[in-house]
Amino acid sequence: MLPHRSRLSVLVFLLPPLALYVIAVLFPILQSLVLSFFQWDGITDMEFVGIDNYIRMLTRDDIFWKAFGNALVYLAVCLFFQLGVSLFVANLLTYVGRGKEVVKTLLLLPAIISTVAISFLFQEIYSFEPSGLINQILEFVGLGNLATPWLSNVDTVLVAVSAPEGWRFLGLYMLILYAAILAVPKELEEAARLDGASSWRVFTEIRFPYIRPVWITTMIMATTYSLRGFDIPYLLTNGGPGQSSELLTTYMFKTAFRSTDFGYASTISVFIVVECIVAVGLIFLLLRRRSDVTS
Amino acid sequence: MKHKKRLAIAGVAMAATLTLIGCGTPAGPSQEGEIVGREISWLLSRPADGGIITVVKEIADEYAETHPGFALNLVTTPDRPSYLQKLETLAAADQLPEFFDTDATPFTRKLVDQGKLVDVEALLKDLDIYDDFRPLALDYQRFDDGSLYMVPFEFEMEFFWYNTALFEQAGVTVPETLDDFADLCGPLRDAGVIPFALDGQDGWPLARYMSYQPFRLAGPDYLNELKRAEVELSDEVGTHASEWLAELGSSGCFAEGFSSQGYTDARDLFTSGQAAVYQIGTWELAALTSPDLPEGVKGNIDFFTLPTVEGAVTADNDYTVVSGIGMGISQKAFDPLVEDFLKFLLSEYSDRIVETGHMSPIAGSDVVIPEGASELYARALAEVDNLGDETAFPWDTQLDPTTNSRLQQDLVLLVQGEITPEQFTKTIDATLAENAPKFFD
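Listed in order, the protein sequences are those of chains A and B. The first sequence begins at 1 in the UniProt record's numbering and counts up by one. The second sequence begins at 1 in the UniProt record's numbering and counts up by one.
Looking at chain B on its own, in the form it has when it is part of the complex (with noise of 0.2 Å):
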């Protein structure tokens, strides 16, 4: 028994010793040669049955058909912290797949100075087909220094869904600016009703409402400049959105024990009529508009974008739009076959995931509705003709790893009123002056 428990030991450590073993010199991308059918892997980290992954599959299994001994093995990790540990040791042991999941992070900024990426601009404007693709969707891809290694398949926006029926019986209205959230929470409070449905267990969420002050404050460019510790959050914008939050959480918006609720029972507090105001894109769209939505809920979601704040530099329509997480190709591993495939998968991709009622990254193929969905749905997907120029990005993509966890970690003591916000911003500064350099030197 003890040998045997030693033999697993010692078979993990070797593997993963194995697996931590350096990295190899990149190869050049081969364009041209025979197209020579074989099995190539996609590492995703998205929902199994989705729309993406069913689209992707049956595009492969036709491209499968003409060119014999192709197969694509799609291996999805939808936790994404477990993906993203897998992708990192397998990037450690230079053995990526030939496609595989990632975002525009400090991270894969490191792997893209190794040239373990495919130049997905150079590639795409040699496939002809990058002017089809919304500026948006390839700019939420693309590193502060404008270069692109990742192709989005998704296009969605992030709007503030809210229940009419419940703001109508607490007597309040939507907010015309940000500071005016915490106006909603005592009179929703006192009607018994959540003001805000919120995932506290993924911490993201409340993240993104960490970006919202500052990005309609101070643009874009801030959030370049603080993951660089070029400016500090105790400044006066970062403060000022650390005490819109420390406000928000003392004013009872969100529900009590948020930080262990998960994404799907924020989604079940607003669409059960428990929480009148639900933050999230339009992926979720199926949810929100369902016939199967109880009474008092069905027919009365309406959305507001993010609203404004006084002497804001972005505009109303510039808000947080997202193509998802994006697919890296690695360099290694690109040959005409992978290339080739891609052309296919990227000629016949838009025009079938917008008949599972997505948007595509990819302008000219109009959403079909599900049946049975509230007028809602094409009202709320309407909103992509009135997009801004800019973008409010997520935080969790951008900045390095540790300040992301700390800053994760922190938001909820900050709401909970747990520490102060002058403590807050002070932690992160000291965070951020500690990590940053290691990724952005």
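Bound conformation, chain A alone (with noise of 0.2 Å):
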């Protein structure tokens, strides 16, 4: 039991920010999943029609399970830089004397650009007439006949819209994974090394289980940030050709705000909050299991 002045100091610092959290983030989740059960365009009455939306959205509609799809691959794309090439990155900073400040700050650069400009410059890079950065580098190495249109091939448009993503928070979560591979005690990895353990066996025996629950929160953040992920292929590619980019949120936001389809819209982020939960529950269960399969 918490002394009076002690609850009452709980009272007025947690109440306000839950009030708020409250009202700006569960009312409109929950908003949304009422709006989901209603036909709505903004303007004229919102018509009831149950569990239609989502009826449609899990059998009738192929953009949505083609969006679903893509947002899977947008996020292996966003991972695969944000967790695997940052923490190889955060660990060869630290065996680096000279310029790791100059390293940090350039990597950390993208993240402080605005989207539309990263979005602009991707558009000349993987621009293919005239040339762009990657078709003149593989012209350049000879290997000319791998030039595509990036952006209008297909086969290549969605990872070139999600690696823009991955590589612009990279210097972010490097930051975090390189402050927490800091903290191991330097100690361990002496003694480790002293024994004729492998800067390999450093890293996989010591370093990674010591920062293993600094690389669990930043893998829940970089798998909720990359599900939510819209604006650089909203802005390089529109979702196109075709549906061939398509990621749930921008449908969402189109279904909305160009279908006028508030209704179905709300459906369909129900599910990217659902999507969401389901990912941060997987993480936790399949990292603890395999925590307490180490222990």
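Fair warning: there could be bad hints in the mix.
Claimed, not checked - Dumping the calculated DSBU-like pairs for lysine-lysine here, alpha-carbon to alpha-carbon at most 30 Å:
no. : chain 1 : residue 1 : chain 2 : residue 2
1   : B       : 86        : B       : 57
2   : A       : 66        : B       : 438
3   : A       : 66        : B       : 426
4   : A       : 66        : B       : 86
5   : A       : 100       : A       : 186
6   : B       : 57        : B       : 298
Calculated directly from the structure, the hints in this document are not laboratory data.
Since each chain comes alone in its own frame, lean on the hints to assemble the complex.
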């Protein structure tokens, strides 16, 4: 039992953010949930349609399933950069003596550049006619036959729109993981090295197990952000060509604001919420089980 | 930091909620009473530095001199999807400004049915200016029941512009029918030229191509029936149109990677002499007749109108003629000031817009040809005297928004050869069956 003054402090400090959370997060989610059972175009009366929107989404809407598949690929590409490459770079940085700060700053830079600027940048990089950076490099190294309009080719466009998002926040996650690696007790590593452990073993046996909680948090952050990814694909290709780079988020946005089908868009948004919750649950489940096995 | 973020989110959420709160009852038009100066707004989707905004601003300033307190606030969002999003949100909140740009889309029809727009036909007749408008300019703004709720501010014809030197080089001539288009592409490709410049990013230019065959083969009614799902795109007409587009794609008629090329990319391909044909309206005349065009292009641009087809039901001089996005007038905000300003605006507009080198939707004022422009400028505009009575309506203003999006997306796949004409028509028919009833019941 908390003393009276402490209880008051808890109330004073916790209630306002809790109230804001309810108003700003829970309430809109609940509102979306309610709206998902209606057909509504924003101007005429709402019409209750029961679970028809859900039936439509799950059984009659091929774009939805295409967008869902695309969202998973988008997630995979983002996680590759934000968890894989960033961990590799963070680990590498601990061995670098000079220029560490410069590398960190350079890698962090894209995170503070506006999305629109990044989109323009990649539009040029991927360009085919006139030849953009990637196609020029391919030409230069003699792989000109691989040159393709990256954003118009249905086989390459999805990875092409996902990579900028992964690259953009690589620096941020790298910094978090780098900080975690720095906190690994030096004496443990030194002892291991004295016993003849290689850098790889130091990483797998000492560093990674030590930073696992941070890595899980990073994974949850990266996963939920990626599942909600919207701006770069929307700006680069607007989901095209066809639906080749359509994500659930861009599809939801178009359904709401182009088709003025707010009810159905809410149904998709409910699905995105559920998808995020399931993803976080799965991460916890899998990683906890694995740590149970290893401990 | 967290609190700040939450506050921001709460702010956005509350704003969104407030804007989404239902609609009120529209007030009747109040044309009687005293004119009281106040600020009025026009939400536009036109180029910020374009002729229309410049001319309107000029006229509004003059009106303000004699009407103290009056000001016209012009808010433009040239990017159409962003604009429509703003418009829809404001409409949902019943906060439409005095004037706002919109096409005769199914969404606007809903606003009309809710009594939110002023009847423009009645208003123009009241102002005694109705008969001065070019009939095609008004027809473009009409809903398919003939009612008119938008004022046009443009009048443009759409042509196929072509580079005579490149045609000669490839040994091809102007196609006589639409079905001859694909035959152009092989020789032009062999000559190292992109046959047709196309802005694939925006969706509407390719949808124009989709509209041509049905317009020629079945007339303007086809679209009216199609959008209601009364005919199927998988019928003979729709199938022919889809196969024609697929053939254009497989014949290499469009640039590789056209789907990520934007409006100016396509124009630049043509004006730099890399592409041989460019479909666009007379609004681009200044760029097409500019004295700054590179050698090899300058003096080599000519045009042809929409070719016919075998068994065509529309005349050769019927093709796409547009009067641009129209201006709707909010019924709720309509008062003597708005009416009086509109009267002044329309009486002054025509003589001034022609000075910018553009045609006016109001007949009677001759366009002032920009200095240095080639003879093509006047020759192209002279086509206005040869126009027929029918217009090939752009499909993007007529179809329900969901079908429209799907059509534009899948057209790219059709032309790129990712889907067959059969798959294409089947998908569009299914989308129409699902969505058309929501707008046209």
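Hint numbers not upheld by this structure, sorted from lowest to highest = 6
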